[in-house]
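There are 4 protein chains.
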Amino acid sequence: MLGILGTPDLGQRSTLGYMGGAKMEDKATRDARRNANIKDTYIHTTAMPWINFSEGIDIKVLRASQETGTWAALFRCAKGSSFARHEHLGAGEYLMLSGKMEVRGGVERGGITAYPGDYGYEPNGVIHDSTCFVEDSEFFFINFGPIKFIDADDNIVMVLDWQTIRDIGAKAQAQQAAAD
Amino acid sequence: MLGILGTPDLGQRSTLGYMGGAKMEDKATRDARRNANIKDTYIHTTAMPWINFSEGIDIKVLRASQETGTWAALFRCAKGSSFARHEHLGAGEYLMLSGKMEVRGGVERGGITAYPGDYGYEPNGVIHDSTCFVEDSEFFFINFGPIKFIDADDNIVMVLDWQTIRDIGAKAQAQQAAAD
Amino acid sequence: MLGILGTPDLGQRSTLGYMGGAKMEDKATRDARRNANIKDTYIHTTAMPWINFSEGIDIKVLRASQETGTWAALFRCAKGSSFARHEHLGAGEYLMLSGKMEVRGGVERGGITAYPGDYGYEPNGVIHDSTCFVEDSEFFFINFGPIKFIDADDNIVMVLDWQTIRDIGAKAQAQQAAAD
Amino acid sequence: MLGILGTPDLGQRSTLGYMGGAKMEDKATRDARRNANIKDTYIHTTAMPWINFSEGIDIKVLRASQETGTWAALFRCAKGSSFARHEHLGAGEYLMLSGKMEVRGGVERGGITAYPGDYGYEPNGVIHDSTCFVEDSEFFFINFGPIKFIDADDNIVMVLDWQTIRDIGAKAQAQQAAAD
Numbered sequence: 001m002l003g004i005l006g007t008p009d010l011g012q013r014s015t016l017g018y019m020g021g022a023k024m025e026d027k028a029t030r031d032a033r034r035n036a037n038i039k040d041t042y043i044h045t046t047a048m049p050w051i052n053f054s055e056g057i058d059i060k061v062l063r064a065s066q067e068t069g070t071w072a073a074l075f076r077c078a079k080g081s082s083f084a085r086h087e088h089l090g091a092g093e094y095l096m097l098s099g100k101m102e103v104r105g106g107v108e109r110g111g112i113t114a115y116p117g118d119y120g121y122e123p124n125g126v127i128h129d130s131t132c133f134v135e136d137s138e139f140f141f142i143n144f145g146p147i148k149f150i151d152a153d154d155n156i157v158m159v160l161d162w163q164t165i166r167d168i169g170a171k172a173q174a175q176q177a178a179a180d
Numbered sequence: 001m002l003g004i005l006g007t008p009d010l011g012q013r014s015t016l017g018y019m020g021g022a023k024m025e026d027k028a029t030r031d032a033r034r035n036a037n038i039k040d041t042y043i044h045t046t047a048m049p050w051i052n053f054s055e056g057i058d059i060k061v062l063r064a065s066q067e068t069g070t071w072a073a074l075f076r077c078a079k080g081s082s083f084a085r086h087e088h089l090g091a092g093e094y095l096m097l098s099g100k101m102e103v104r105g106g107v108e109r110g111g112i113t114a115y116p117g118d119y120g121y122e123p124n125g126v127i128h129d130s131t132c133f134v135e136d137s138e139f140f141f142i143n144f145g146p147i148k149f150i151d152a153d154d155n156i157v158m159v160l161d162w163q164t165i166r167d168i169g170a171k172a173q174a175q176q177a178a179a180d
Numbered sequence: 001m002l003g004i005l006g007t008p009d010l011g012q013r014s015t016l017g018y019m020g021g022a023k024m025e026d027k028a029t030r031d032a033r034r035n036a037n038i039k040d041t042y043i044h045t046t047a048m049p050w051i052n053f054s055e056g057i058d059i060k061v062l063r064a065s066q067e068t069g070t071w072a073a074l075f076r077c078a079k080g081s082s083f084a085r086h087e088h089l090g091a092g093e094y095l096m097l098s099g100k101m102e103v104r105g106g107v108e109r110g111g112i113t114a115y116p117g118d119y120g121y122e123p124n125g126v127i128h129d130s131t132c133f134v135e136d137s138e139f140f141f142i143n144f145g146p147i148k149f150i151d152a153d154d155n156i157v158m159v160l161d162w163q164t165i166r167d168i169g170a171k172a173q174a175q176q177a178a179a180d
Numbered sequence: 001m002l003g004i005l006g007t008p009d010l011g012q013r014s015t016l017g018y019m020g021g022a023k024m025e026d027k028a029t030r031d032a033r034r035n036a037n038i039k040d041t042y043i044h045t046t047a048m049p050w051i052n053f054s055e056g057i058d059i060k061v062l063r064a065s066q067e068t069g070t071w072a073a074l075f076r077c078a079k080g081s082s083f084a085r086h087e088h089l090g091a092g093e094y095l096m097l098s099g100k101m102e103v104r105g106g107v108e109r110g111g112i113t114a115y116p117g118d119y120g121y122e123p124n125g126v127i128h129d130s131t132c133f134v135e136d137s138e139f140f141f142i143n144f145g146p147i148k149f150i151d152a153d154d155n156i157v158m159v160l161d162w163q164t165i166r167d168i169g170a171k172a173q174a175q176q177a178a179a180d
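Residue numbers (the numbering used here), protein chains in the order written: chain E, 1 to 180; chain F, 1 to 180; chain A, 1 to 180; chain U, 1 to 180.
If you are wondering where the hints come from, they were derived from the structure by calculation, not from laboratory data.
Source: prediction; values computed, not measured.
Do not take every clue at face value.
Repeated chains share a single entry, so a pair holds when one copy, or any two copies, can fit it.
Mimicking DSS-like on lysine-lysine, the simulated pairs with C-alpha atoms at most 30 Å apart in a straight line are [stated by the list, open to error]:
| no. | residue 1 | residue 2 |
| --- | --- | --- |
| 1 | Lys39 | Lys171 |
| 2 | Lys171 | Lys27 |
| 3 | Lys171 | Lys79 |
| 4 | Lys27 | Lys39 |
| 5 | Lys79 | Lys27 |
| 6 | Lys39 | Lys79 |
| 7 | Lys100 | Lys27 |
| 8 | Lys39 | Lys100 |
Build the full structure now, drawing on both the sequences and the hints.
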């Protein structure tokens, strides 16, 4: 009959140096070693140029992950601009920073009207027929996957994914490099 | 020898009503049917009460997902407050809204100093010895999993996960209900 | 000057009943309460019917998540069958259970040939021109998002997502119900 | 009044070379270029050594992702072995390959008994008091985050995460290199 402790053996992990080195290093040295390949990133967004995304809408790309397809961005949308009909192939989250956004027709037509400070979660699979900006607006947005733009008959117009977003980000970097 | 088309059969999906119904419904009816079980959520955050999180730090819980462990929140941190030493067991993303935050000692000690409008990505596994607020600050934060608080010798003090966050959110809802 | 403990207050969480009830319940009662809304699921896959997916390829749907778009399935592929040209809009992982699969032309043409017991990870964004089965094969597959089928000029033929998979799963359940 | 097309501008993406190059390359060249930094991985698992995980339980590490904390492995569990009490801080999925596993006491005590071919999904947050192997067993397992081992009073014994798993995988690679 075997033992049933069932918890991974601490001794084994010490051999791997996972915890064993803790006593021989001070905290700062230990943290620096463990964080060496896990760097936090930081973007001073006000120093980035806006890149045109679609008519009346500009974007600053903050992150585009190859591994997960997740991307983060700031959007600046002129009064009267809108995103065309689309289906989320991955949930999205936003925080309104300024302006006024109407999702699914706005609150007066059964949808949502978002003001500065408002938070929204747009689940995977939701269809947004039109998202309109009735004032100049800015918002922070994270999307966990692609967005499928579709026409009125649900035919696919294009699929926007992390590669499209990454390429827009590269364009901004090239602009900045050329300006320096 | 079998055919090698290899694309899922469109006829089969029509039988399932996945696309077959499109011709018989107008767009609004079709969208309403498809969005019926996939509702976007929306929070007017200025109407929520702040809940105390730790000394000098308050939180508004926006989302806590059982399925993925991801949670989203607004944090309000008084000048002089800080988060204790922790390791991310899931990446975090933030957007600074006001104030000034020093991560890993701030920029003068090799870390990061974040100002309003700044964006950060804190990768899974990173250790933050101390995150300090040198001015009254607010930021939006999404974390893709738990945060493990540890002492100077890396012993676990507590694991903060979606359940902790969900319970704080429930406390806010109870406060609002009692006030009505 | 505020304190800088920075760890969420344990007393507060006790008030929420998160840990406070532990002393008053035995372990089994406590676990049952905490697991009440978090049920593990289990499928005896040999009792499920195979559903046709494409020519020569059958599927058993094990899971399709609305929240994340992740889906899990067993595939049974007849000798000579293949998946058409596609791009992964989400990583995939597989474990070969029987047979022989050639990815990107197989090992003799610079690709991969998978045998029983082999594991593969297909990253988000990878393009697979053709995946062929040179023997009757079965494999277990998890995909973290949609798959975009494309033609030789990269035009989109269809996007296979969790909703397509869920509908195939519903078809299997209807078949089983009708048979009972 | 601005236009309201709202779909990302195709011309812009052509400038980025995202689609514009398609006409000038043949399909194989194009795929090779686009897959260059997105390589699928493949493991012939029968050639890997088993590494001891805990008493009576061995593991082959297939993947451990720093970015998401997800890891994949094969487990080989001797008759009478078990995993100690734990809480999932990330969902897990398994496919039984051989043997017999009893989760939460097995089916006779309200839990689950898994046989070869069976699939299970263990949601984030679920507590498993004991998972026992009543026969020599093997299963394939993917976990989307850490596992928190706890004692009978719910005190944390250890947190098993992608770093622990990665270190075990490195140990296997070192063993193989030494044997060559």
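Going down the list of hints, with the structure as the test:
1. Taking CA atoms no more than 30 Å apart as the test, Lys39 paired with Lys171 passes in both settings, with 24 Å inside one copy and 24 Å between copies.
2. With identical chains, the CA atoms of Lys171 and Lys27 are at most 30 Å apart between copies only, with a shortest distance of 25 Å across copies and 41 Å within one.
3. Taking the shortest Cα distances, Lys171 and Lys79 sit within 30 Å of each other inside one copy (25 Å), while across copies they are farther apart (38 Å).
4. In this assembly of identical chains, Lys27 and Lys39 lie within 30 Å of each other by CA distance solely inside one copy; the values are 17 Å within and 37 Å between copies.
5. In this assembly of identical chains, Lys79 and Lys27 lie within 30 Å of each other by CA distance solely across copies; the values are 26 Å between and 52 Å within a copy.
6. In this homomeric assembly, Lys39 and Lys79 come within 30 Å of each other (Cα to Cα) only across copies, at 26 Å, whereas the closest approach inside a single copy is 38 Å.
7. In this assembly of identical chains, Lys100 and Lys27 lie within 30 Å of each other by CA distance solely across copies; the values are 25 Å between and 48 Å within a copy.
8. Taking the shortest alpha-carbon separations for Lys39 and Lys100, only the inter-copy value of 20 Å comes in at or below 30 Å, while the best intra-copy value is 36 Å.
The structure is consistent with each of the numbered hints, conforming to all of them.
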